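Chemist: Each residue of the sequence shown is one higher than the last, beginning at -17 in the numbering used here.
These aren't lab readings, by the way, just hints derived from the structure by calculation. Warning: the hint list may mix true and false statements.
So the derived label-pair ranges between C-beta atoms look like this [what the hints assert, rightly or not]:
#1 S12 - I(-11): 27 to 37 Å
#2 E26 - E48: 35 to 45 Å
#3 M(-17) - E152: 17 to 27 Å
#4 E71 - E26: 24 to 34 Å
#5 R21 - I158: 38 to 48 Å
#6 H125 - I158: 36 to 46 Å
#7 A164 - M(-17): 37 to 47 Å
All of these numbers come straight from a predicted model, not from anything done at the bench. Glycine included, every Cβ here is placed at the ideal spot set by N, Cα and C.
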Amino acid sequence: MEADLEIIRVVRGLIGDDASLAVDYNQSLSVTGALERVRILDEEGLYWIEEPTRADDFTGHARIAEEARTPICIGENWWGPHDLQKSLEVGACDYGMPDAMKIGGVTGWVRAAALAEPSGLPLTSHVFPEVSAHLLAASPTAHRLEYLDHAGPILEKPIRIEEGQVCVPEGPGIGIEWDERAVERFLIG
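Hey, can you work out the whole structure from these sequences and the hints?
Modeler: Put into structure tokens, the structure is as follows:
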């Protein structure tokens, strides 16, 4: 816990008080361990605590979410809309984070977004911003795009961010066009 607090405070010092700071435990804590930590982390002004315990422990996440003042975010490991439904039924999270591939592609995402809408569960995305930008644009409770620029260096037109907002490509499909010359630089021969 001391190392966590030290890192949080160093990062906070670098980014300032106006920037949102979240932590991701990537399923590494027991429910009991997570409950102990959130009591301390609640004092750090975090935006959310992501996946504090096992991804499929919806009841455990619900216990954590009920006790924590800091919002809990889960969902990058939902294997289809039915996992989002299980999360909703027990109150497992304050933010949902579907992964475009794991949730079931476009169809799975649309179904998940429809499930999230009645409860107002804010949806963010997990990686794949080139696809997720489109999916969030069609989601009634869209909240944030997780932006990791993995593909940008090999795309003809990388995704654009202007004033903190993603510019959703307007071309057909998801708008990915590979930069063949850039791809060649990464080939192993």
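Chemist: Against each hint, give a clear statement of whether it holds in the structure.
Modeler: Status of each hint after checking the structure:
| no. | hint | in the structure |
| --- | --- | --- |
| 1 | S12 - I(-11): 27 to 37 Å | violated, 21 Å |
| 2 | E26 - E48: 35 to 45 Å | violated, 19 Å |
| 3 | M(-17) - E152: 17 to 27 Å | violated, 47 Å |
| 4 | E71 - E26: 24 to 34 Å | holds, 30 Å |
| 5 | R21 - I158: 38 to 48 Å | holds, 44 Å |
| 6 | H125 - I158: 36 to 46 Å | violated, 24 Å |
| 7 | A164 - M(-17): 37 to 47 Å | holds, 43 Å |
Checked against the numbered hints listed earlier, the structure breaks hints 1, 2, 3, 6; every other hint is satisfied.
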